Amino acid sequence: MGRFVIRRLLGVVVLMFIVSAATFAVFFLGPKFVGADVARNFCGRVCNEQSLVEVKAKLGLDKPIYDQYGAYVKGIFVGRTFGSGETARDCPVPCLGYSFKTDLPVWNQMTDRLPVTFSLAIGAGLIWLVSGVAVGILSALRRGTLFDRAAMSVALAGVSLPVYFTGLVALSVFSYKFKWFVNVHYSGFTDNPAEWAKNLVLPWICLAFLYAATYARLTRANMLETMGEDYIRTARAKGLPEKVVIRKHGFRAALTPIVTIFGLDLGGLLGGAILTESVFGFPGVGKLAVDAIGQQDLPVILGVTLFAGFFIVMANLIVDVLYAYVDPRVRYS
Amino acid sequence: MTAPLDVEPSALSADPDAVTNAESSKAVEGRSLKQIAWMRLKRDKVALGGAVVIVLLILIAVFAPLIVKALGHPPNDFHEDLLDPTLLTPKHKYGGINGSYLLGVEPVNGRDIFSRIVYGARISLLTAFLATVLSVTIGTVLGITAGFFGGWVDGLISRTMDILLAFPLLVFAISIGTVIQTANGAVLGLSGTSLSVATLIFIIGFFNWPYIGRIVRGQTLSLREKEFVDAARSLGASNGHIIFKQLLPNLAAPVLVYSTLIIPSNILFEAALSFLGVGVRRPTPSWGSMLSDAVATYSIDPIFMIVPGVALLITVMAFNLLGDGLRDALDPRAGR
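First to last, the protein sequences are chains R and L. First residue of the first sequence: 1, per my numbering; consecutive thereafter. First residue of the second sequence: 1, per my numbering; consecutive thereafter.
Everything labelled a hint here was simulated from the structure, so no lab data went into it. Since this is a predicted model, take the numbers as computed values, not measurements. Mixed in with the good hints, there may be bad ones.
[Unchecked claim] Once the Cα atoms are required to be at most 30 Å apart in a straight line, the calculated DSSO-like pairs of lysine-lysine come out as:
#1 L:K93 with L:K226
#2 L:K93 with R:K177
#3 R:K56 with R:K101
#4 L:K91 with L:K69
#5 R:K179 with L:K91
#6 R:K101 with R:K58
#7 L:K69 with L:K42
#8 R:K177 with L:K91
#9 R:K32 with R:K101
#10 R:K198 with R:K238
#11 L:K245 with L:K226
#12 L:K226 with R:K179
Based on the provided sequences and hints, a complete structural model is requested.
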C-alpha cells in the first residue's frame with residue numbers, strides 16, 4: 001500500500017509539472033505567437049519604448065522563458081525576491097507572483113477567496129450527492145412507474161441545462177419576482193451562519209441541479225445492473241428480506257463508482273465554480289479568474305489554473321488510494 | 001436480451017402454402033446488426049423526435065440567411081426606435097415580440113433576437129460538430145494505436161490521456177481564449193470571427209479526445225484477442241488490413257454513440273466560453289454571449305434571457321435524446 005501511494009504521489013508531481021509548464025507556455029509564448037506584447041497592456045496610456053522596457057523589467061518579462069519559468073517554480077517552493085535595491089520586496093512561500101494589475105500577491109488573493117468557493121462546492125456537493133443518488137435508487141427500484149418516468153425526464157432536462165441559464169432564471173423568479181431571496185450576495189459563515197446559508201441556497205441548488213441529474217441517471221443505471229446480478233438472486237434465495245438485499249447487496253455495489261465520480265467532480269469544482277460564481281457575482285476563486293481574464297492579468301490566471309489543476313490531481317489521488325484500499329486488485333496492477 | 005424482430009402481420013396469419021412458396025418468401029432472412037439497431041431506433045419515438053429536431057436545427061443553420069431574409073431583420077442592424085429611450089429596454093410588452101420581431105428585440109441596441117438566434121445556431125452547431133470530428137478522429141486513431149500495438153506506444157498514449165484528463169479544462173480554455181483575443185491581426189491566416197471559432201474548435205476538440213480515446217483503446221484491447229482477428233492473421237492479413245477492415249467496423253457503434261453524446265456537451269462548452277467572453281468574438285451572434293448580455297437586464301426584460309437559454313436547452317436535449325436512443329439501439333444491455 002505504501003509503495004502504491006508513493007508511486008501515485010510521484011505521478012502527481014510529474015503531472016503538476018506538466019500542467020504548470022503548459023500553462024506557462026500558453027501565457028508567455030502564446031502572445032508572441034499571435035503577435036501581441038503582454039507588457040504593452042501594463043504600460044499606461046502613453047507608452048514609449050523606454051517605459052515599455054521598464055515595464056518588462058519590472059514584470060520580469062525581459063528574461064528568457066526558461067528563466068522566467070525556473071524563477072516561478074522556485075518561488076513556489078522557496079520564495080523569491082522581486083526587483084532589486086530600494087524597490088525589492090520578498091514574496092514568501094508559496095509565491096505565485098504579484099498581480100500585474102493590483103500588485104497584490106496572487107497567493108493571498110486566492111486564499112482570501114477560497115472560503116467562498118469552498119462554501120459553494122461543499123453545499124452543492126452534498127445536495128447533488130444525496131438527491132441524485134436517492135432519486136436514482138428510487139427510480140431503479142420502481143422502474144417503469146410514473147415516478148421513474150417523471151424523475152428521468154427531469155434528469156434529462158437537468159443535464160441539458162447549463163448553470164448560467166438556471167442561475168439567471170432562478171434569480172429572476174425567486175429574487176426579483178417572489179422576493180424570497182432578495183439581494184443575493186456572499187456573506188461570511190463566521191459573521192452570520194443563517195445569512196450565509198440563505199444567500200447560498202440559490203447558487204447551491206442551481207449548481208447541484210446539473211450534477212444531481214447526471215448522478216440520478218448514473219445511479220439508476222448502476223442499480224439496475226447490480227440488481228440483475230446473480231448474487232442478488234442468491235441473496236433473495238437465502239430468504240433475506242428485500243430491504244436487506246437492496247441495502248446490503250445492491251446499494252453498496254452500485255454506490256462505489258458513484259463515490260469515485262463524486263471525488264473527481266468535487267475536486268474539479270473546487271478549482272473554480274467559475275460559471276456559478278460569475279452568474280451570482282460571488283467573489284470566489286472562479287470569479288477572480290474571470291475578472292483577471294478581463295484585465296489580462298496573467299499571473300492571477302496562471303495561479304488559478306495551477307490551483308485548479310492541483311485540486312483535480314489531488315482528488316484523483318485520493319480517489320485512487322481509497323479505491324486501492326477497497327479493491328486490492330488495483331494495488332498490484 | 002434477444003433482438004426484437006419485426007414480424008409482418010401477414011406472416012402471422014397461417015398460410016399453408018408458405019412453405020412451398022419458399023422462393024417468394026423473404027421471412028427467413030438474417031438481419032445484420034445494423035438492421036436490428038435501425039429497427040429498434042425506429043421504434044424509439046423519443047429518440048426519433050430528437051433526430052427530427054436536430055435535422056430542423058441543421059436546416060435552420062444552413063439556410064440562416066434565407067430564413068432571416070424572409071422572417072427577420074439583418075442580425076447586426078440596430079433598431080433603437082423600438083426601445084424605451086431612458087431604460088433602453090423594449091418599449092412594447094413581452095420583450096417587443098410582434099409579427100415583425102418574432103422573438104422580440106435586444107435591450108440597449110434593439111437588434112432582432114430571432115435573427116441572432118438563427119445565426120447563433122450556425123456558430124453553435126458548427127463549433128460543436130467540428131470539435132467533435134476533431135476529438136473523434138484523434139481519439140479513434142490514437143485509441144486504436146494504443147490498444148493494437150500495446151507496449152511503450154500504449155504507455156505513452158495512455159499517460160498523455162491521463163495528463164489531459166487532469167487538466168483544469170475550463171480555466172485552461174479560458175486562458176487560451178484570452179491570449180488569442182490579444183492577437184494583433186491575423187494568426188495562421190485567420191482573424192476576427194473565424195479565428196475565434198477556429199480557436200474554440202481546437203480547444204474543445206483537442207481536450208476532449210482522451211475520453212473517446214480511452215473507450216476505443218479498451219474496445220480494441222478486447223477485440224484484438226477475438227477469434228476473427230486470429231483468423232485474419234492466420235490468413236496472412238497485414239496489420240493495416242486488421243485495423244481498417246476487422247477492427248474499425250466493430251468500433252463504429254461505440255464511436256457513433258459517444259460522438260452523439262459529446263456533441264451536446266461541446267455545445268454547452270462553446271456557450272460557456274462565449275458566456276464568459278472568451279468565445280466567439282462580437283458582434284457575431286452566439287447563444288452564450290447573448291445570455292451573458294442578458295445578465296445586465298434580465299430583471300426587467302426576462303425574454304432576452306429566456307430565448308437563448310431555451311434555444312440551448314432544446315438543442316442539447318435533442319442530441320441527448322438521440323444519443324440515448326442510439327446507445328439503447330446499438331447496445332441493448334447498456335443504460336436500461
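- Task: Please write out, lowest number first, the hints stated earlier that are contradicted by the structure.
- Result: 1, 7, 10, 12
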